[in-house]
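Protein chains: 2
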Amino acid sequence: MTGTAARRESQRERLIDAAERAIAEKGLAGLKARELAREIGCSLGAIYNLVADMDELILRVGSRTLARLDAALSAAPKPAASQAEAVEALVAVALAYSAFARENLRLWRVLFEHRMAEGAVMPDWAVSEQMTLFRHILGPLRLLAPERDEEERNLLGRTLFSAVHGVVAIGLEEKLVAVPRRALDRQIEELVRLACRGLAAGA
Amino acid sequence: MTGTAARRESQRERLIDAAERAIAEKGLAGLKARELAREIGCSLGAIYNLVADMDELILRVGSRTLARLDAALSAAPKPAASQAEAVEALVAVALAYSAFARENLRLWRVLFEHRMAEGAVMPDWAVSEQMTLFRHILGPLRLLAPERDEEERNLLGRTLFSAVHGVVAIGLEEKLVAVPRRALDRQIEELVRLACRGLAAGA
Numbered sequence: 000m001t002g003t004a005a006r007r008e009s010q011r012e013r014l015i016d017a018a019e020r021a022i023a024e025k026g027l028a029g030l031k032a033r034e035l036a037r038e039i040g041c042s043l044g045a046i047y048n049l050v051a052d053m054d055e056l057i058l059r060v061g062s063r064t065l066a067r068l069d070a071a072l073s074a075a076p077k078p079a080a081s082q083a084e085a086v087e088a089l090v091a092v093a094l095a096y097s098a099f100a101r102e103n104l105r106l107w108r109v110l111f112e113h114r115m116a117e118g119a120v121m122p123d124w125a126v127s128e129q130m131t132l133f134r135h136i137l138g139p140l141r142l143l144a145p146e147r148d149e150e151e152r153n154l155l156g157r158t159l160f161s162a163v164h165g166v167v168a169i170g171l172e173e174k175l176v177a178v179p180r181r182a183l184d185r186q187i188e189e190l191v192r193l194a195c196r197g198l199a200a201g202a
Numbered sequence: 000m001t002g003t004a005a006r007r008e009s010q011r012e013r014l015i016d017a018a019e020r021a022i023a024e025k026g027l028a029g030l031k032a033r034e035l036a037r038e039i040g041c042s043l044g045a046i047y048n049l050v051a052d053m054d055e056l057i058l059r060v061g062s063r064t065l066a067r068l069d070a071a072l073s074a075a076p077k078p079a080a081s082q083a084e085a086v087e088a089l090v091a092v093a094l095a096y097s098a099f100a101r102e103n104l105r106l107w108r109v110l111f112e113h114r115m116a117e118g119a120v121m122p123d124w125a126v127s128e129q130m131t132l133f134r135h136i137l138g139p140l141r142l143l144a145p146e147r148d149e150e151e152r153n154l155l156g157r158t159l160f161s162a163v164h165g166v167v168a169i170g171l172e173e174k175l176v177a178v179p180r181r182a183l184d185r186q187i188e189e190l191v192r193l194a195c196r197g198l199a200a201g202a
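Protein sequence lines correspond, in order, to chains A and B. Counted from 1, the first sequence has number 118 at position 119 by numbering that gives the first Met the number 0; the numbering is strictly sequential. Counted from 1, the second sequence has number 171 at position 172 by numbering that gives the first Met the number 0; the numbering is strictly sequential.
Treat the hints with caution; some may be incorrect.
Where chains are identical, the list cannot tell them apart; a pair therefore holds if satisfied intra-copy or between any two copies.
As the list claims (entries may be wrong) - The list that follows gives simulated cross-link-like pairs (lysine to any residue, SDA-like), each with its CA atoms no further than 25 Å apart:
hint	residue 1	residue 2
1	K25	L65
2	K25	E112
3	K77	L43
4	K25	A199
5	K25	D54
6	K77	R185
7	K77	E149
8	K25	S127
I should point out that these hints are in silico values taken from the structure, not numbers from a laboratory.
Chain A on its own, in the form it takes in the complex (with noise of 0.2 Å):
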């Protein structure tokens, strides 16, 4: 890297700093590219030589928050070698997923209320990050769902993540009344468990 890219470089990573701080501290609506471009020291026009746009600055900041989330979810189970294990396994997944959220409420946040501007499509490199954390679900769903083939499975995957998704994002909602940590862990766990009950009464 010549000393002019190494510098570029180094300044993006601080632009990207610098948002991921302000997503952390006032969600999206906190993210004022003229408030970013004074905090690295840079002019305002000066940001859209390190990203393209406001959209790709959210995307690199989700890029390290999914990484976050699959170094959080890592850390949660054991590899399963049966069945009563992969359920074990979803159900610390799930929790871990959920702990994860609440202690990223922000950020997390913006995973899901991002879009981008009309008409732009998301890069392959933030759809396939986000891919490869399915691996924490269709691991444990291969032992549980032997007889599907893949995409089915791929499938049952996205819908059991969209699942505890939903249940985590309405409990940690503060719109009703938000739901306390033992509760929502009850419900996640409880919604793992009679999936995979009805997985092992259908097969």
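Given chain A, put chain B in place with the hints provided.
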């Protein structure tokens, strides 16, 4: 009602109409008090004689959305008399929920995306309107989980609603590849049947 009160009420309805149209077309970000005032022919300040603040206006629009959702869910299932019918009723309610969300995408999203101004609390009437919709789930659940007490069944109802909501919300999101209607319906139906089979197996 005096003439003045009737005029005020009719202007309030027109304000809510205008806000509803704006949200349906452009989402929450498209809701501008100034434009609404222009549309109903009053001054910006006069809006706040009709509603306390924008939060109230958004909740009033949400109230209409919930009433239409309630009607859509009521049209879906026949009353269930057996456990098998209760499963079909839950599947029908879940699919009706998904269809409503798809057909009222922006208005439906606002029910969940809108957050009250910092420190403000959702008024009781709005909370109780949301709660009344749970009867569509709790009726069938009484047949499917008769051994649970009411509190446990309410929590289970909330869990199942949140799970279906999650599948619908992520399925309708254009961010990842949006799921075609038939595939989404399959996901929803599978989730509900899995949970019901899990309930039956665990009883």
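Checklist entry - Of the hints stated earlier, which fail here? => result Checked against the structure, the hints that fail are numbers 3, 4, 8, while the rest are satisfied.
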